[in-house]
Amino acid sequence: MMTAPDFARGGGSMELLRVVDLAKHYDEEAAIAGVTFSAAAGEVLGIVGPNGAGKTTLLEAMAGLVGADSGNLLWLGDALPPAHRKAAIFYVPDGVKPYQDRFSKGYNRRLLLAIGLLTPHRVLLMDEPFDGFDLRQTRNIVEVVRKAAGAGRAFILAIHQLADAERVCDRFILLAGGQIRGIGSLRELRTQTGISQGSLEEIFLALT
Amino acid sequence: MYPLLAKELAEILSGRALWTMLLLICPLIGFSFIEAVSLYSEASTAALQSPAAAATLSPLDGILVPTFGSFYVAVTLLFPFVAIRVLGQEKESGALRLLVQLPYRSSTLVLVKLAAILAAWAAASIPVLSTLLIWALLGGHLGASETANLLFGHSLYGLLVGAISLFAATISDSSATAAIVALATTIGSWVLDFTLAGRPGLSAWVAKLSLTQTLQSFEQGLLSAGLVLGMVTVVGGLAALSTVWLPPGTPTRVKFARSVPCVLATIVALGLAAQIGASADVTEDRRNSFSPADQKLLATLRLPLVVTVDLAPEDPRYIDLRRNVLGKLERAMPNVSIVLAGVRQDQAGQSDAYGQVEYVYGGRTDFSRSTSPREILPLLYELAGTKPPAPIQGPEYPGYPLVANANVTLLWFFCGLPLLIALAWWWSRLSPAVKS
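These protein sequence lines are chains A and B, in that order. Residue 91 in our numbering sits at position 91 of the first sequence, and the numbers go up by one each step. Residue 60 in our numbering sits at position 60 of the second sequence, and the numbers go up by one each step.
Heads up, a few of these hints could be off.
[Said to hold, decoys possible] Label pairs and their computed distance ranges (CB to CB):
no., chain 1, residue 1, chain 2, residue 2, range
1, A, G106, B, G188, 44 to 52 Å
2, A, G198, B, P248, 38 to 46 Å
3, A, A83, B, V260, 16 to 24 Å
4, B, G416, A, A83, 51 to 59 Å
5, A, S199, B, F256, 47 to 55 Å
6, A, T193, B, L430, 51 to 59 Å
7, A, S199, B, G236, 55 to 63 Å
[Claimed, not checked] Below, computed lysine to aspartate or glutamate pairings styled on DMTMM-like, alpha-carbon distance capped at 20 Å:
no., chain 1, residue 1, chain 2, residue 2
8, B, K255, A, D27
9, A, K147, A, E166
10, A, K86, A, D69
11, B, K208, B, D320
12, A, K97, B, D173
13, A, K97, B, E11
14, A, K105, B, E92
15, B, K255, A, D69
16, B, K387, B, E375
17, A, K97, B, E92
18, B, K7, A, D101
[Claimed, not checked] Per the computed footprint, the stretches of chain B lying under chain A, defined by three or more beta-carbons under 8 Å from a beta-carbon of chain A, are:
no., region
19, 94–105
20, 245–252
Everything labelled a hint here was simulated from the structure, so no lab data went into it. Beta carbons are placed, not taken as given, at the ideal position from N, Cα and C, and that holds for glycine.
Next up, chain A with everything else stripped away, as it sits in the complex (with noise of 0.2 Å):
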């Protein structure tokens, strides 16, 4: 099991929301075993990793939406249940099309962000955000989450492409089978494995 060091930028973001050990099994296999990190205030997370890493079943299980067999949140400190969630989290899932009649998928796509965008909650979890946007849209949008995190919000960022995943977050959690093989910023990840220069995808495939 990996745990993140607590987050510190600058003059030292405040640590929002603590994962503990959590795991999730779907029969015999395990979705989520072990995993365990933190987010802070104004912090742009990166949870990376291939198709069926867990990614999806790990921000749903923090939002409340999956049943976790084991582990825990905490907010601030305290105990967080998954009947309390809403409160202190929203989740923008993917592939949701509220409006599929009318809209298309890149619509669609928006307007889930500016919904997610438009809430209150100082933690906002998003899967897959950039998915079925081109590079302008792209960069767009991860201008518009830079900001937001710059007044105090803290994301976790669900992201298959890494290319994507580095240009926009500052810690990473590279989950691979469920399980989490690297975590920290990407100078920290470079540390870990050795590649002095190495690009995200180096040092996840050196990791997984």
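Assemble chain B onto chain A, guided by the hints.
Just chain B now, with coordinates in the frame of chain A:
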């Protein structure tokens, strides 16, 4: 809560199910109404020459019940598809994962969805409500209380079907599965009623649970407190179960555990509602009551009256006795017990006592084979040691014969109303202009 309700109403209006149902029921209700008016006019033609025959013509039986009967069929078969949409669409599109994150309790979400379902039922009732207006324009009479009672009964029935459909949508993965579950319940209820009604014992009790039976009292002009409470209880129970099963993150075993007290509470409440015998006769012709003078005197007879009926429940004589005497006695007297002697119709010929009804009041007993109040009431007064009352002078029910031709309304039900519905559907799909 109002933004949430507005969202739910918009969801229903944006779907095809409600509009399709409206278009389909226009000709169905129109045909039923025109046929009802035609038959009523035929009967009225003969009755116009005879006041006695005219007094038997009631718009409740001749026009309203048959017309609303076709609406009942439409609600049973088509309304589940409308009601399922309030949740089924969100489940299929994934938007449920957003909905449950809103700062509302699951119970609030379910109640708002039920309110939207009731609003959808109100919209679906527009064709049948237009028949009331047309009947009035043709010169027909509408008794306010009996019409309102019938509408109330149908609205409760619509809410019940809606609650069943909402619960089906909550426990099903897809709208198609939910539709199968809901229709299995509503149509299965028809089968229950058809096969078990009129049979004695447990079968009769089970048949009473059929959805079809819920409307019978209202169609007969009775407002039964026990029935209304029972229907509201079932709607409440289904809403509670929907609240338990709605959140996607709760483990299934926890949902089952939480469902048990809901089901038990509903059963207990239903049992209590079944004990409530209070009902009001809201018909204009007072068909469910004795004369005012008899009602007044019977209300003063406070000792228990025990009626033992040696008839099979499916025997037409028992049905007559029930309708003409026993039901009215239960409403008029404060303490009446009716006991069936437990005879089956195939045993009818085996006993000389078959067909006999025993009346016990104040320690005195008498027997009768009559099913008419003209013989039974004097018998009861004699048992009570009191004289029959002097009749209270009041207006007799005149009956409302009307010879009318409703064929011109074919244009309304087959052309005009469907066109309006289609226009409303088109208008509802126009995107609102966004000010820049």
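Now the hints, each set against the structure:
1. G106/A - G188/B: 44 to 52 Å: Holds: the Cβ-Cβ distance is about 45 Å, inside 44 to 52 Å.
2. G198/A - P248/B: 38 to 46 Å: Holds - the Cβ-Cβ distance for G198/A and P248/B, about 39 Å, lies within 38 to 46 Å.
3. A83/A - V260/B: 16 to 24 Å: Taking Cβ atoms as reference, A83/A and V260/B lie about 20 Å apart, which means the hint holds.
4. G416/B - A83/A: 51 to 59 Å: 52 Å, holds
5. S199/A - F256/B: 47 to 55 Å: 50 Å, holds
6. T193/A - L430/B: 51 to 59 Å: 57 Å, holds
7. S199/A - G236/B: 55 to 63 Å: Given a distance of about 60 Å, which is inside 55 to 63 Å, the answer is holds.
8. K255/B - D27/A: 19 Å, holds
9. K147/A - E166/A: Holds. K147/A to E166/A sits at ~17 Å (cutoff 20 Å).
10. K86/A - D69/A: 19 Å, holds
11. K208/B - D320/B: Holds, at about 18 Å.
12. K97/A - D173/B: The given pair, whose Cα atoms are some 17 Å apart, holds under the 20 Å limit.
13. K97/A - E11/B: Between K97/A and E11/B the Cα gap is close to 13 Å, so the pair holds against 20 Å.
14. K105/A - E92/B: Holds: K105/A and E92/B sit about 15 Å apart, inside 20 Å.
15. K255/B - D69/A: 16 Å, holds
16. K387/B - E375/B: 14 Å, holds
17. K97/A - E92/B: 9 Å, holds
18. K7/B - D101/A: Holds, at roughly 16 Å.
19. 94–105: holds (count 8)
20. 245–252: holds (count 4)
Of the numbered hints given earlier, the model fails none.
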